[in-house]
Amino acid sequence: MKWLANTRTALLDPHEIDLRDSAYCIPCFADLAPLVKSIDSVGILNPPLLQELPGGRMIPVLGRRRLQAAVQLGISQTEVKIVSDRISEAEGFAVALWDNFGHRTFDMASTAVVVRRLLDLFPRDVVAGDFLALLGVPARGPRLERLRAIGGLEEPVLQALALGRIQEKTAFVLSALASDEQHTLMKLTDALGMNANKRAKVISHLADLSVFHGKPILEFLHVEEARSIVHDEDIPRPERAARFRRLIRSWKFPELVNSEQEFQEWLRGLPESERIVVRPAPGFESRECTVEIRTESREEVERILNRLTDGAAEVL
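The opening position of the sequence shown corresponds to residue 375 in my numbering, with each subsequent residue numbered one higher.
Among the hints, a few may not be true.
Label pairs and their in silico Cβ distance ranges [unchecked claim]:
hint : residue 1 : residue 2 : range
1    : Val585    : Cys663    : 28 to 38 angstroms
2    : Gly476    : Asp582    : 15 to 25 angstroms
3    : Ala397    : Gln638    : 54 to 64 angstroms
4    : Leu682    : Val585    : 23 to 33 angstroms
Below, computed lysine-lysine pairings styled on DSSO-like, alpha-carbon distance capped at 30 angstroms [said to hold, decoys possible]:
hint : residue 1 : residue 2
5    : Lys572    : Lys543
6    : Lys626    : Lys575
7    : Lys572    : Lys589
8    : Lys589    : Lys543
9    : Lys561    : Lys455
10   : Lys589    : Lys561
11   : Lys543    : Lys561
12   : Lys561    : Lys575
13   : Lys572    : Lys561
14   : Lys411    : Lys455
15   : Lys626    : Lys543
None of these hints come from the bench; they were simulated from the model. Glycine included, C-beta positions come from ideal geometry on N, C-alpha and C.
Can you build the whole structure from these sequences, using the hints too?
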(Lines of atoms letter the chains of each structure in order from A and count residues from 1; the text may use other names and numbers.)
(Lines give C-alpha, C1' and ligand atoms only; values in the text may rest on other atoms or scores of the structure.)
Protein backbone atom coordinates (compact mmCIF):
# COMPACT_ATOMS: atom_id res chain seq x y z
CA MET A 1 0.00 0.00 0.00
CA LYS A 2 2.90 2.39 -0.72
CA TRP A 3 0.55 4.48 -2.80
CA LEU A 4 -0.70 6.07 0.46
CA ALA A 5 2.50 8.08 0.49
CA ASN A 6 1.78 9.37 -3.02
CA THR A 7 -1.04 11.70 -2.10
CA ARG A 8 -1.47 15.41 -2.55
CA THR A 9 -3.16 17.84 -0.22
CA ALA A 10 -5.90 20.20 -1.37
CA LEU A 11 -8.66 22.44 -0.05
CA LEU A 12 -12.08 21.44 -1.37
CA ASP A 13 -15.73 22.30 -0.84
CA PRO A 14 -17.33 19.16 0.74
CA HIS A 15 -20.45 19.83 -1.37
CA GLU A 16 -18.40 19.13 -4.52
CA ILE A 17 -17.42 15.61 -3.38
CA ASP A 18 -19.63 12.75 -4.57
CA LEU A 19 -20.69 11.31 -1.22
CA ARG A 20 -23.26 9.05 -2.92
CA ASP A 21 -20.49 6.93 -4.46
CA SER A 22 -20.25 3.75 -2.37
CA ALA A 23 -17.17 2.12 -3.90
CA TYR A 24 -15.21 2.40 -0.64
CA CYS A 25 -18.10 2.73 1.78
CA ILE A 26 -17.72 0.94 5.11
CA PRO A 27 -21.23 1.61 6.41
CA CYS A 28 -21.88 3.00 9.84
CA PHE A 29 -25.48 3.27 11.03
CA ALA A 30 -24.74 5.26 14.19
CA ASP A 31 -26.24 8.70 14.67
CA LEU A 32 -24.22 11.39 12.91
CA ALA A 33 -25.16 14.08 15.47
CA PRO A 34 -22.17 13.57 17.86
CA LEU A 35 -19.74 13.86 14.96
CA VAL A 36 -21.51 16.99 13.70
CA LYS A 37 -21.18 18.53 17.15
CA SER A 38 -17.50 17.59 17.35
CA ILE A 39 -16.65 19.08 13.96
CA ASP A 40 -18.67 22.17 14.75
CA SER A 41 -16.54 22.62 17.88
CA VAL A 42 -13.02 21.78 16.67
CA GLY A 43 -13.24 21.21 12.92
CA ILE A 44 -12.02 18.20 10.94
CA LEU A 45 -8.76 17.20 12.62
CA ASN A 46 -7.96 14.23 10.36
CA PRO A 47 -8.23 15.16 6.65
CA PRO A 48 -10.47 12.81 4.63
CA LEU A 49 -8.85 10.73 1.89
CA LEU A 50 -10.35 11.06 -1.60
CA GLN A 51 -9.78 9.48 -4.97
CA GLU A 52 -9.85 11.59 -8.10
CA LEU A 53 -11.49 9.73 -10.98
CA PRO A 54 -11.11 10.52 -14.69
CA GLY A 55 -12.94 13.74 -15.42
CA GLY A 56 -12.12 15.17 -12.03
CA ARG A 57 -14.90 13.59 -9.98
CA MET A 58 -13.89 13.18 -6.33
CA ILE A 59 -15.12 10.25 -4.24
CA PRO A 60 -14.37 9.43 -0.56
CA VAL A 61 -12.03 6.63 0.43
CA LEU A 62 -11.77 7.54 4.12
CA GLY A 63 -13.73 10.11 6.10
CA ARG A 64 -17.15 9.87 4.41
CA ARG A 65 -19.00 10.64 7.67
CA ARG A 66 -16.70 13.58 8.41
CA LEU A 67 -17.59 15.00 5.02
CA GLN A 68 -21.30 14.36 5.57
CA ALA A 69 -21.08 16.23 8.85
CA ALA A 70 -19.25 19.08 7.12
CA VAL A 71 -22.01 19.32 4.52
CA GLN A 72 -24.64 19.46 7.28
CA LEU A 73 -22.73 22.28 8.93
CA GLY A 74 -22.43 24.21 5.68
CA ILE A 75 -18.63 24.18 5.74
CA SER A 76 -17.42 25.54 2.41
CA GLN A 77 -13.80 24.40 2.50
CA THR A 78 -11.84 21.63 4.18
CA GLU A 79 -8.43 20.06 3.81
CA VAL A 80 -8.33 16.67 2.06
CA LYS A 81 -5.75 14.23 0.76
CA ILE A 82 -6.15 12.94 -2.79
CA VAL A 83 -4.87 9.68 -4.28
CA SER A 84 -4.50 8.73 -7.91
CA ASP A 85 -7.29 7.28 -10.04
CA ARG A 86 -4.93 4.38 -10.81
CA ILE A 87 -5.57 2.82 -7.40
CA SER A 88 -7.78 -0.24 -7.83
CA GLU A 89 -11.17 -0.52 -6.17
CA ALA A 90 -10.03 -3.58 -4.21
CA GLU A 91 -6.97 -1.72 -2.85
CA GLY A 92 -9.04 1.30 -1.88
CA PHE A 93 -11.70 -0.79 -0.14
CA ALA A 94 -9.04 -2.71 1.80
CA VAL A 95 -7.51 0.55 3.01
CA ALA A 96 -10.93 1.83 4.12
CA LEU A 97 -11.63 -1.43 5.94
CA TRP A 98 -8.27 -1.57 7.72
CA ASP A 99 -8.74 2.03 8.82
CA ASN A 100 -12.14 1.14 10.32
CA PHE A 101 -10.84 -1.98 12.05
CA GLY A 102 -8.66 0.25 14.17
CA HIS A 103 -11.37 2.35 15.83
CA ARG A 104 -14.82 0.74 15.66
CA THR A 105 -16.88 -2.36 16.33
CA PHE A 106 -18.98 -3.66 13.45
CA ASP A 107 -22.69 -4.27 13.97
CA MET A 108 -24.53 -7.03 12.09
CA ALA A 109 -25.65 -4.79 9.22
CA SER A 110 -22.21 -3.29 8.64
CA THR A 111 -20.63 -6.74 8.80
CA ALA A 112 -23.03 -8.06 6.16
CA VAL A 113 -22.31 -5.20 3.75
CA VAL A 114 -18.56 -5.58 4.22
CA VAL A 115 -18.70 -9.35 3.71
CA ARG A 116 -20.63 -8.89 0.48
CA ARG A 117 -18.16 -6.33 -0.86
CA LEU A 118 -15.14 -8.41 0.12
CA LEU A 119 -16.52 -11.47 -1.69
CA ASP A 120 -17.16 -9.31 -4.76
CA LEU A 121 -13.66 -7.79 -4.76
CA PHE A 122 -11.32 -10.57 -3.58
CA PRO A 123 -10.86 -14.32 -4.05
CA ARG A 124 -12.62 -16.31 -1.36
CA ASP A 125 -9.36 -17.61 0.14
CA VAL A 126 -8.07 -14.04 0.55
CA VAL A 127 -11.32 -12.99 2.22
CA ALA A 128 -11.11 -15.97 4.58
CA GLY A 129 -7.45 -15.55 5.39
CA ASP A 130 -7.19 -11.77 5.72
CA PHE A 131 -10.55 -10.45 6.89
CA LEU A 132 -13.19 -12.84 8.21
CA ALA A 133 -11.58 -13.56 11.57
CA LEU A 134 -11.39 -9.82 12.28
CA LEU A 135 -15.09 -9.55 11.47
CA GLY A 136 -15.95 -12.51 13.71
CA VAL A 137 -17.35 -14.48 10.77
CA PRO A 138 -16.61 -18.21 10.24
CA ALA A 139 -14.70 -18.90 7.03
CA ARG A 140 -16.95 -21.88 6.27
CA GLY A 141 -20.57 -22.71 6.75
CA PRO A 142 -23.95 -21.21 5.84
CA ARG A 143 -23.54 -17.98 7.81
CA LEU A 144 -21.08 -16.55 5.30
CA GLU A 145 -23.56 -16.84 2.43
CA ARG A 146 -26.37 -15.63 4.69
CA LEU A 147 -24.41 -12.46 5.47
CA ARG A 148 -23.63 -12.01 1.80
CA ALA A 149 -27.35 -12.05 1.01
CA ILE A 150 -28.19 -9.67 3.85
CA GLY A 151 -25.50 -7.26 2.67
CA GLY A 152 -27.51 -6.61 -0.50
CA LEU A 153 -30.53 -5.23 1.37
CA GLU A 154 -31.52 -1.60 0.96
CA GLU A 155 -30.29 0.91 3.51
CA PRO A 156 -33.57 1.32 5.50
CA VAL A 157 -33.66 -2.43 6.17
CA LEU A 158 -29.98 -2.50 7.08
CA GLN A 159 -30.58 0.43 9.42
CA ALA A 160 -33.37 -1.52 11.13
CA LEU A 161 -31.03 -4.51 11.53
CA ALA A 162 -28.27 -2.33 12.98
CA LEU A 163 -30.70 -0.84 15.50
CA GLY A 164 -32.07 -4.24 16.56
CA ARG A 165 -35.53 -3.60 15.12
CA ILE A 166 -35.27 -6.79 13.07
CA GLN A 167 -33.37 -10.01 13.68
CA GLU A 168 -30.66 -11.46 11.48
CA LYS A 169 -32.95 -14.29 10.38
CA THR A 170 -35.63 -11.75 9.44
CA ALA A 171 -33.13 -9.77 7.39
CA PHE A 172 -32.20 -12.99 5.58
CA VAL A 173 -35.86 -13.69 4.78
CA LEU A 174 -36.25 -10.13 3.48
CA SER A 175 -33.15 -10.50 1.29
CA ALA A 176 -35.00 -13.04 -0.86
CA LEU A 177 -37.95 -10.68 -1.45
CA ALA A 178 -38.51 -7.97 -4.04
CA SER A 179 -37.70 -4.41 -3.05
CA ASP A 180 -41.36 -3.35 -2.91
CA GLU A 181 -42.16 -6.31 -0.66
CA GLN A 182 -39.31 -5.43 1.70
CA HIS A 183 -40.45 -1.82 1.89
CA THR A 184 -44.12 -2.71 2.44
CA LEU A 185 -43.41 -5.26 5.17
CA MET A 186 -41.11 -2.91 7.06
CA LYS A 187 -43.58 -0.01 6.78
CA LEU A 188 -46.50 -2.20 7.88
CA THR A 189 -44.80 -3.75 10.89
CA ASP A 190 -43.46 -0.33 11.90
CA ALA A 191 -46.97 1.12 11.68
CA LEU A 192 -48.28 -1.65 13.93
CA GLY A 193 -45.47 -1.11 16.46
CA MET A 194 -44.17 -4.68 16.35
CA ASN A 195 -40.98 -5.59 18.20
CA ALA A 196 -38.27 -7.70 16.57
CA ASN A 197 -39.74 -11.05 17.69
CA LYS A 198 -43.28 -10.34 16.55
CA ARG A 199 -42.03 -8.80 13.31
CA ALA A 200 -39.98 -11.95 12.67
CA LYS A 201 -43.00 -14.24 12.95
CA VAL A 202 -45.22 -12.13 10.70
CA ILE A 203 -42.61 -11.71 7.97
CA SER A 204 -41.60 -15.38 8.13
CA HIS A 205 -45.22 -16.56 7.93
CA LEU A 206 -45.98 -14.28 4.98
CA ALA A 207 -42.84 -15.38 3.13
CA ASP A 208 -43.79 -19.04 3.64
CA LEU A 209 -47.36 -18.39 2.50
CA SER A 210 -46.03 -16.67 -0.61
CA VAL A 211 -43.91 -19.71 -1.52
CA PHE A 212 -46.59 -22.29 -0.62
CA HIS A 213 -49.37 -20.61 -2.61
CA GLY A 214 -47.19 -19.20 -5.39
CA LYS A 215 -48.49 -15.68 -4.82
CA PRO A 216 -46.72 -12.38 -4.15
CA ILE A 217 -46.75 -11.29 -0.52
CA LEU A 218 -48.57 -8.10 -1.45
CA GLU A 219 -51.62 -10.13 -2.52
CA PHE A 220 -52.03 -11.40 1.03
CA LEU A 221 -51.72 -7.89 2.44
CA HIS A 222 -54.40 -6.60 0.04
CA VAL A 223 -57.00 -9.09 1.28
CA GLU A 224 -59.89 -7.08 2.74
CA GLU A 225 -59.72 -8.85 6.11
CA ALA A 226 -56.08 -7.80 6.52
CA ARG A 227 -56.66 -4.25 5.28
CA SER A 228 -59.61 -3.72 7.60
CA ILE A 229 -57.50 -4.66 10.62
CA VAL A 230 -54.49 -2.56 9.66
CA HIS A 231 -56.43 0.59 8.81
CA ASP A 232 -59.04 0.56 11.58
CA GLU A 233 -57.98 3.63 13.55
CA ASP A 234 -60.74 3.03 16.11
CA ILE A 235 -58.81 0.02 17.43
CA PRO A 236 -55.73 0.72 19.58
CA ARG A 237 -52.49 -0.08 17.75
CA PRO A 238 -51.44 -2.97 20.06
CA GLU A 239 -54.81 -4.68 19.52
CA ARG A 240 -54.59 -4.16 15.74
CA ALA A 241 -51.11 -5.71 15.78
CA ALA A 242 -52.35 -8.69 17.80
CA ARG A 243 -55.31 -9.24 15.48
CA PHE A 244 -53.10 -8.99 12.41
CA ARG A 245 -50.65 -11.53 13.85
CA ARG A 246 -53.51 -13.91 14.64
CA LEU A 247 -54.88 -13.53 11.12
CA ILE A 248 -51.54 -14.30 9.44
CA ARG A 249 -51.03 -17.25 11.79
CA SER A 250 -54.48 -18.61 10.90
CA TRP A 251 -53.50 -18.50 7.22
CA LYS A 252 -50.21 -20.28 7.90
CA PHE A 253 -51.59 -22.91 10.31
CA PRO A 254 -55.34 -23.22 9.58
CA GLU A 255 -55.77 -26.72 11.05
CA LEU A 256 -53.84 -25.85 14.20
CA VAL A 257 -55.79 -22.65 14.75
CA ASN A 258 -59.10 -24.52 14.23
CA SER A 259 -58.01 -27.11 16.80
CA GLU A 260 -57.12 -24.35 19.25
CA GLN A 261 -60.51 -22.71 18.81
CA GLU A 262 -62.32 -26.02 19.21
CA PHE A 263 -60.36 -26.78 22.38
CA GLN A 264 -61.12 -23.35 23.87
CA GLU A 265 -64.85 -23.79 23.15
CA TRP A 266 -64.78 -27.21 24.83
CA LEU A 267 -62.90 -25.76 27.78
CA ARG A 268 -65.49 -23.04 28.28
CA GLY A 269 -68.11 -25.77 28.75
CA LEU A 270 -66.29 -27.24 31.76
CA PRO A 271 -66.85 -26.12 35.37
CA GLU A 272 -64.63 -23.14 36.14
CA SER A 273 -61.86 -23.35 38.74
CA GLU A 274 -58.99 -20.98 39.32
CA ARG A 275 -57.02 -23.89 40.75
CA ILE A 276 -57.21 -26.16 37.72
CA VAL A 277 -55.43 -25.71 34.37
CA VAL A 278 -56.12 -28.02 31.42
CA ARG A 279 -53.61 -28.17 28.57
CA PRO A 280 -53.96 -30.03 25.26
CA ALA A 281 -51.40 -32.39 23.76
CA PRO A 282 -48.55 -30.55 21.96
CA GLY A 283 -49.73 -29.52 18.51
CA PHE A 284 -53.07 -31.26 19.23
CA GLU A 285 -51.48 -34.49 18.02
CA SER A 286 -54.00 -36.47 20.10
CA ARG A 287 -56.98 -35.86 22.36
CA GLU A 288 -54.87 -36.32 25.47
CA CYS A 289 -54.88 -33.49 28.00
CA THR A 290 -52.75 -32.52 30.95
CA VAL A 291 -54.51 -31.36 34.10
CA GLU A 292 -52.61 -29.20 36.59
CA ILE A 293 -54.07 -28.64 40.04
CA ARG A 294 -52.75 -26.00 42.40
CA THR A 295 -52.97 -26.99 46.07
CA GLU A 296 -52.39 -25.21 49.35
CA SER A 297 -50.64 -28.02 51.17
CA ARG A 298 -49.08 -31.44 50.78
CA GLU A 299 -51.95 -32.89 52.76
CA GLU A 300 -54.35 -31.66 50.11
CA VAL A 301 -52.22 -33.35 47.44
CA GLU A 302 -52.52 -36.61 49.35
CA ARG A 303 -56.32 -36.28 49.60
CA ILE A 304 -56.63 -35.60 45.85
CA LEU A 305 -54.41 -38.52 44.91
CA ASN A 306 -56.27 -40.85 47.28
CA ARG A 307 -59.59 -39.87 45.69
CA LEU A 308 -58.17 -40.43 42.23
CA THR A 309 -56.77 -43.80 43.25
CA ASP A 310 -60.09 -44.78 44.79
CA GLY A 311 -61.86 -43.84 41.56
CA ALA A 312 -63.89 -41.07 43.11
CA ALA A 313 -65.93 -39.13 40.59
CA GLU A 314 -65.37 -35.81 42.31
CA VAL A 315 -61.77 -34.71 42.84
CA LEU A 316 -62.28 -31.23 44.25
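Cross-check of the supplied hints:
no. : hint                                   : in the structure
1   : Val585 with Cys663: 28 to 38 angstroms : holds, 35 angstroms
2   : Gly476 with Asp582: 15 to 25 angstroms : violated, 43 angstroms
3   : Ala397 with Gln638: 54 to 64 angstroms : holds, 58 angstroms
4   : Leu682 with Val585: 23 to 33 angstroms : violated, 49 angstroms
5   : Lys572 with Lys543                     : holds, 13 angstroms
6   : Lys626 with Lys575                     : holds, 11 angstroms
7   : Lys572 with Lys589                     : holds, 23 angstroms
8   : Lys589 with Lys543                     : holds, 22 angstroms
9   : Lys561 with Lys455                     : violated, 41 angstroms
10  : Lys589 with Lys561                     : holds, 20 angstroms
11  : Lys543 with Lys561                     : holds, 18 angstroms
12  : Lys561 with Lys575                     : holds, 16 angstroms
13  : Lys572 with Lys561                     : holds, 14 angstroms
14  : Lys411 with Lys455                     : holds, 23 angstroms
15  : Lys626 with Lys543                     : holds, 18 angstroms
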